[in-house]
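This is what each chain is made of:
Number of protein chains: 2
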Amino acid sequence: MYRPEYLEKFTREVFEKMGCSPEDAKMATDVFIAAELRGYSSHGMIRIKDYFQLWQAGRINIKPDVRVVHESPSTAVVDGDGAIGMIAATKSMQIAIEKARTAGTGWVSTRGSNHYGFAGYYSMMALKHDMIGISLTIANPLVAPTFSIEPMLGTNPISVSVPAGKYPPFVSDFSTTPIARGKLAIAAKKGEKIPLGWVQDADGVPSDDPDIITKGGSMVTLGGTAQHGSHKGYALSAIVDILSAVLSGANFGPFCPPSLAFLPVKEEKVGEGTGHFFGAMRIDGFQKPEVFKAQMDKWIETFRAAKPAKGHDRVLIPGDIEREREAQISKEGINVIVPVQKEMKEIADFFGIPFEMN
Amino acid sequence: MYRPEYLEKFTREVFEKMGCSPEDAKMATDVFIAAELRGYSSHGMIRIKDYFQLWQAGRINIKPDVRVVHESPSTAVVDGDGAIGMIAATKSMQIAIEKARTAGTGWVSTRGSNHYGFAGYYSMMALKHDMIGISLTIANPLVAPTFSIEPMLGTNPISVSVPAGKYPPFVSDFSTTPIARGKLAIAAKKGEKIPLGWVQDADGVPSDDPDIITKGGSMVTLGGTAQHGSHKGYALSAIVDILSAVLSGANFGPFCPPSLAFLPVKEEKVGEGTGHFFGAMRIDGFQKPEVFKAQMDKWIETFRAAKPAKGHDRVLIPGDIEREREAQISKEGINVIVPVQKEMKEIADFFGIPFEMN
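So the protein sequences, as listed, match chains W and G.
Position 79 (the first sequence) corresponds to 60 in this note's numbering; numbering is contiguous.
Position 126 (the second sequence) corresponds to 107 in this note's numbering; numbering is contiguous.
Extracted from the complex, chain W is given alone in its bound form:
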């Protein structure tokens, strides 16, 4: 187990050694640590090596000029200038929140970015401003559209956070696939098989191999099969792709620049870097915040009181599990699996900074 502060210092030092300003290094690090604290280890330390390798390959800009290139009162396109995704994304969400202050809502489509990690981090930024936050991103093309065997889309997550009153906020954060890719990476590192219905092989046949996407296979969209609505997951994923990457002028769909070493950089570019989409909506653009929050409390009470199915003792509100994990992890510490510790140790040795394996 690691204390959050220990991993925070390590991660910040890694980004500073890469050449980031202290402010930028902290901005990126905050997202990695928040992911670990919420129990999203698939967006935590396991991704440090991805960024290290992208940096070694010269595929990220360490001194980026993240800026608005087109705007209206409630909208903007932000060019991330090849930044670390967490930096382009945090700054983009800040701009969405600023726009919402005057226009009621703010909507930012970002290009020229990289993998931004934990989607919910950005939607949750809106909460303390009494705003609803929205965060979408494209990701490595590993997911086949319905009726296809060709990976064209990412796991393209959607996160929406909504403030409540006396209860903790509603925080949803989910990929538009049956599972997040990180779950495959974790299963692969642990050497475990996965349930059928998460991925298909190169012929479109369901597979239990978490490594199948490195062998010509692909993930499928939420719904799993066409009869059970995978075309809805495909449409959702396509909406995320269009808002994040077509609206901003990034590399959409299969052209998304890979954040993974085993995926080659596409020769053809159709835009600049990776794309994201952010939204912030002032509650008081619609209602008095105190009225809304009281109603959200009632919403939460109503859904918590739904009759559980046999074998379950409660019905969850989106964000419950992650918040409970955060309380536990903050107390007990962050567990980093040994293969990831080894990667961190190699990076530490490369930069000559301290890192102790557990």
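Treat the hints as calculated values from the structure; they're not laboratory data.
A portion of the hints provided could be inaccurate.
Which copy is meant is left open, because identical chains are indistinguishable; a pair holds if it fits in one copy or across any two.
[Said to hold, decoys possible] Subject to a maximum C-alpha distance of 25 Å in a straight line, what follows is the list of computed SDA-like cross-link-like pairs (lysine to any residue):
#, residue 1, residue 2
1, K30, D62
2, K269, P54
3, K164, R304
4, K7, D46
Dock chain G against chain W, hints included.
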């Protein structure tokens, strides 16, 4: 088969006989006919009886004052004043489009409405203004959250329409369940069984009975099972519920006023009527429209060219099937199943207007 003009005249006359102004009757009718033309018979003539029964029960306001009750430059809450849903919804989407003209985007949360029918009708209204359109609504509480057997949510559809250049627009319109409720109604009327994975019985066990929701059962959320991501469908459906009904002050979740005769009106109210949510985003709030549309064309070409799985000859773009159906139905006429024709005949006889059964 019926000519669209014949059903248009019939539907308009029904609403006028109920007491609607000619303008309102036409506004509502346009949505019903558009649904039939796109092949969504589950939102077409089959729903006339629902509105007829709501009218008989005094549950809709035939002379509504649909109006903005709270606003900011890019947002509004619209009170539908108990209107027919298609009227409250069309007027709300018009307001979202007007707001987008000056603020870049427009977002309207609507309360005091009723069942609005074909979600895609409203998102498509944005297309001719070079805007992206968004349309969400709550619906009859028939869907259980993950780990629950209690119907708390509607099929809560999401529709997003995006303009393209030389190709037809991207038009997505899907429920956040494996299937739309209308599919159950159609199967029930035809006396057919349904595939497992669409609904569960009162104990939470999968059922093949399309009538199970009238017998204590419930629909499930997109994903089908928790292992395959039904909690993501639950989160999506919850987001639709919150934006449509909590943000507007409508009756959220299980309190949604039923549009179906077999569902009782809840004694407890938590707001006004049914809720919807609409968005309009000006393309030129983000990019030059001609650049965006050329990129959307490239997006469409890219996804059309995805390698099909065995047994499939092509990969679809959202909206393809409905557009092809519309071309065919416009030519061949609208097929109305006999049980629905009988309902229409009864309504025609009630009002003393003509309707010929095929």
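Ascending list of hint numbers which this structure does not respect:
none
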